[in-house]
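Based on the sequences and whatever the hints tell you, model everything.
Following the numbering used here, the numbering of the sequence shown begins with 718 at its first residue and continues without gaps.
A portion of the hints provided could be inaccurate.
[As the list claims (entries may be wrong)] In silico DSS-like pairs for lysine-lysine, Cα to Cα no more than 27 Å straight-line:
id : residue 1 : residue 2
1  : LYS1088   : LYS781
2  : LYS1141   : LYS1083
3  : LYS1213   : LYS784
4  : LYS1083   : LYS1153
5  : LYS1128   : LYS914
6  : LYS1177   : LYS1207
7  : LYS781    : LYS1177
8  : LYS1153   : LYS943
9  : LYS1088   : LYS976
Hints in this document: simulated from the structure, not taken from any laboratory. Small disclaimer: the values here were computed from a predicted structure and weren't measured.
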Amino acid sequence: MKRITLIYLAAVAMVFTTLSCQDQLEIEQKGAISLEEYYGSDESAEGAVTALYSELIGLQYNYKFLKNICSDDVWAGGADRGDNNELEKMNEFTFSAEHGFLSGCFQSYYNIIYNANIVMQYIQPDTDVKKQMIAEARVFRAFAYIDLISLWGTPPLVDHPLEPSEYQMANGDPTELWAFVEQDLTEAIASGNLVEKSGVNDKTVYRVTKQFAQTLLGKAYLYQEKYSESAAAFESVINSNLYALYDGEYEDILLFSNKNNSESMFECNRVVDDNNIWNNFDFYHLMIHWRTDRFTNTPVTALGLADLGWGFCAPQKGLYEAFVAEEGADGYRLNQSLKTYEQVQEMGVSLDAGKTIINEGYFFWKNRITKDGVPAAGYNYTWDNNVRLIRYADVLLMASEANLLAGNQSKADTYLNEVRTRAKLGNKTATMDAIKTERRLELCFEDVRYQDLIRWGDAKSFLDGQGQTYPVMSSNGIISYKSTGNSEGKYGFQDKNYLFPFPSTEIQLNKNIVQNSGW
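Listed below in structure tokens is the structure:
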């Protein structure tokens, strides 16, 4: 009996001990808050949107190469064949779904979308600051989707932070995707929460503006061939009178000294901070700057240029010839956009004897990398200049195109000729051929040519032979053309190239996404 009693008491003690332990385990967790609480302050909301601005700056390397290297504006360039195989593959259309620029861009676009979705899911619009952050996030998300749709066709539509069970999303429907873009932009514009410049020469506004959102909306409509709607959106930007074509020398329009000028619709802002110089770490400017190690006897620094560059993305002769056909060899805009090798020599710089570069005898000047934009403390690997996403000239030319195709010839002429007047050219009747030419010349190497060729259906006729040969220039200016070694039918733009392939990693990880045709 005594033994039974002891067993019973032991059992009761175990129960109470267990309950006591459970009570001790069920302690309210300290220091953990929900996402809604975390983003409850204005400061946290601003921090969430700052991540979008940072992601946009991080995107620029892949973004600018992908959009320019596939065009007929440039050669892959460099000092010798094989200097950068990845650029050569993109330039010659021999790339595959494994290409790093493709996957890098694709991932960055979805990082932007993810961060924007976080803002819209967890930030409550209960203060003016939070309302502004939500509006800006909508614009960023629309920006990402405009490129995803126009370059990949059917990217998955992601409108909220995904649960693990939702990760494998199917292709989106283009009609629904474009409607999603329109909704984001129209709501952001109508909200009244986006900032605006105080005047045309206000250089202090670096955030997403109402007019930038209107520009993106006009672009989205234009890409869908909704010409009347597109024209109306661009009209809103133009009639704001907050932007104007830069009225200084054309060659200075993109320089470090002219950040946030009257023509800039939006820039990826780089803060010059001598105490945090490496915040502006950047390879892009080194890649596109002239091949300086081939100019050692007469350094390019004599022209005010930076002292280190690798010579990729050299202008094609076809671009120069398009300038000459429209403006003549002495054209104002031509000579402030490009320099011939002869002009470079006249300026006191030439290739070292016996040296060669991949080049057709032309150098970009409008996009030149100047010494003042590369701080000495950064050892050439930092760059303080801003990346311009859209210029007002682009707005005017898209407005001209939209108005022409909507039947508004007078406005199409006005906007086309405003750009031509700044280029010191006479007036011209707006036609699609005239607008196409003007866009190529005015916006050369500014991220628009390839998408223009795609949406106009002109890509195959301009790019089908790209990748057969490449040019080599010697120090005496003689150009020879060498075979790339690409097999017949394995280079140049083909039908499948009207859409980029979804990155192979996406296909491998997502069984529900269907690869684009031909890839």
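**Request:** Provide an ascending list of the numbers of those earlier hints which the structure does not satisfy.
**Result:** Violated hints: none at all, because every hint is consistent with the structure.
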